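Protein chains: 2
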Amino acid sequence: MTSTINVNLPQQSYEIAIAPASLDQLGQSMANLQLGQKVVLVSNPSIFKHYGERAIASLQSAGFNVASYCLPAGERYKTLNSIQKLYDVALENRLERSSTMVALGGGVIGDMTGFAAATWLRGINVVQVPTTLLAMVDSAIGGKTGVNHPNGKNLIGAFHQPRLVLIDPEVLKTLPMREFRAGMAEVIKYGVIWDEELFTQMEASKHLNQLRYMKPELLNEILTRSCQAKADVVGKDEKEGGLRAILNYGHTIGHAIESLTGYRLVNHGEAVAIGMVAAGQIAVNLGMWQQAETDRQNAIVQKAGLPTKLPAGVDIAAIIDALQLDKKVKAGKVRFVLPTQIGVVTVTDQVPADVIQQVLQGMQ
Amino acid sequence: MTSTINVNLPQQSYEIAIAPASLDQLGQSMANLQLGQKVVLVSNPSIFKHYGERAIASLQSAGFNVASYCLPAGERYKTLNSIQKLYDVALENRLERSSTMVALGGGVIGDMTGFAAATWLRGINVVQVPTTLLAMVDSAIGGKTGVNHPNGKNLIGAFHQPRLVLIDPEVLKTLPMREFRAGMAEVIKYGVIWDEELFTQMEASKHLNQLRYMKPELLNEILTRSCQAKADVVGKDEKEGGLRAILNYGHTIGHAIESLTGYRLVNHGEAVAIGMVAAGQIAVNLGMWQQAETDRQNAIVQKAGLPTKLPAGVDIAAIIDALQLDKKVKAGKVRFVLPTQIGVVTVTDQVPADVIQQVLQGMQ
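Going line by line, the protein sequences match chains H and E.
Take the first sequence: its letter number 59 is residue 58 in numbering that gives the first Met the number 0, and every next letter is one higher.
Take the second sequence: its letter number 204 is residue 203 in numbering that gives the first Met the number 0, and every next letter is one higher.
For reference, chain H alone in the conformation it holds in the complex (with noise of 0.2 Å):
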């Protein structure tokens, strides 16, 4: 099961190629591309440790001259300190404007190496091989790149594509469970908002919350439905300046939540499926969606294994209050994304914060 999606934009198009065992192939998909010789491969210890011989050893028989780095694994290590010690390392290899950075792991690993790589000489190559199913159908794709400002999340970064998206579906079975549910949350999400049929072949499958028991075809599904939609939304709005707005479904409560339990106990893919939980019933009491969709949204949602509650201990008016730091705030109000039917949003800054408040507190 091989797909290939593209990613059309007007100044640099790319490929999304989705194989098993397509890892073994990264120096060929890169030489095809005649990337410069000099590459820097970019991981955590513990991604490293599995996957990082076969990357480097890929890359040099396809004739890069590689150099690796690890920075320590977290979301807490997502910051400028980081982003220094990659620009030391880009020093250090005398990597030029024709070189790459090669992103070999999870959301943080490829925000980190794509905002490294974009401000480098300003702007040098990024390849993305995202090894969490999150990274794989979201954060790889559309050249958002960035690392948090103590007070808030992705607050500093730049757009910034990658020239190949290579995703080896194997490299899941070393995933944790809990992250594996946590990327679930956003093909949950391309689900409501963009495809129907991948959000009914997920009702109608009785295991999502482990890939152990999750039929291959169902994942190939999973992950080229997930890739396209997101290829099609970037595709018709690289900067977000409209359509795109709505991958940010969930999001926004789900950031707040991020942010007020320090990126620590509650990870972004449930941070995102309580921000959908919450969004769905916002749209249900704003007279916008049926209580019976919403409904199917949540069971989808535990069937999954994530959260439709509040974390304990997380003050409802400091969320409220949270909002405001969040990217997408425009003239001090808040934009929502709410469905209006499986598959379809839309996006509106009318939403009081008393209906906020009373969803929250149903939330609890």
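Some clues are possibly wrong.
[Stated by the list, open to error] Taking beta-carbon pairs under 10 Å as the criterion, some of the chain H residues facing chain E (in silico):
1. G62
2. I82
3. L90
4. D348
Everything labelled a hint here was simulated from the structure, so no lab data went into it.
This structure is a prediction, so every number in the text was calculated from the model and none was measured.
For glycine and all other residues, C-beta sits at the position ideal for the given N, C-alpha and C.
Given the structure of chain H, go ahead and fit chain E onto it with the hints provided.
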């Protein structure tokens, strides 16, 4: 004497507005562009003392909500640490994607403000209000932003075009003489690489080394023709894929000298002047240019009060080594911009190290 020059780019074009006393029109000019209400004005203490209040008054009277922040003056503060301070200011003032950072100052303030704007929320608006000749004719135009790495100038950065460049020639009255001369180095560069008419006007003028002896008509020609040259080149090659490289005339060796002297002993314009003298002689020694022409160039450099010799104590071998760190290095080969006649240059990576060494020895 009012001039408007358009920088035409595929994604976002903008105006360079040159007019005496236009600082008082800053707010209205920005209001015409329908930028968001929140503005952070970035400057340094001495510039702010002279012009900060006028800029703020103009912005406020046009309805903007203005905060201001001063960074310490000088190239040695052009660091990621300063950028982090701007991020904190952006956060405190809850800047949104429609908000604007205004750079009121020279190249250092412009580069840093541009980089902070490029990377806050993945890109907010920036308006450049250059107060030095060098920033007016060069760094404020074209979207290059960035900071220095401890081991190299401008190694960290992004392309981020301003929404407007507003040039008020009257602010040059408070510019120190040495900095005025530094700006003249870039003006002379445009004469050599692009605009023979500008070159001959400077050749015909008695005074180039002090603003107060310069006729207003010549100053206007210098500003307008230099900005037009920069706009022409950037409009044809926004991201330095080809033609834009010619703007680096004098900069290859210039950057190496700045770096080796710790960005203190020699300023950017002086380094570029030395670099142009070196590049001109390299072109002559390679049989590409005539000695009489490089002598004409060097005469203008001297008339502008700029150096034509290497600073004492700089090691020639160290310069040649430092060239390898230049951003324009490709496959280990240093690219040089070399004149073939007044107003025309060519780019080559075929300059033997012994020719560079010989020319530099002649400049000790």
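Consistency of the hints with the structure:
1. G62: 13 Å, violated
2. I82: 8 Å, holds
3. L90: 6 Å, holds
4. D348: 12 Å, violated
Hint check: violations occur at hints 1 and 4; the rest are consistent with the structure.
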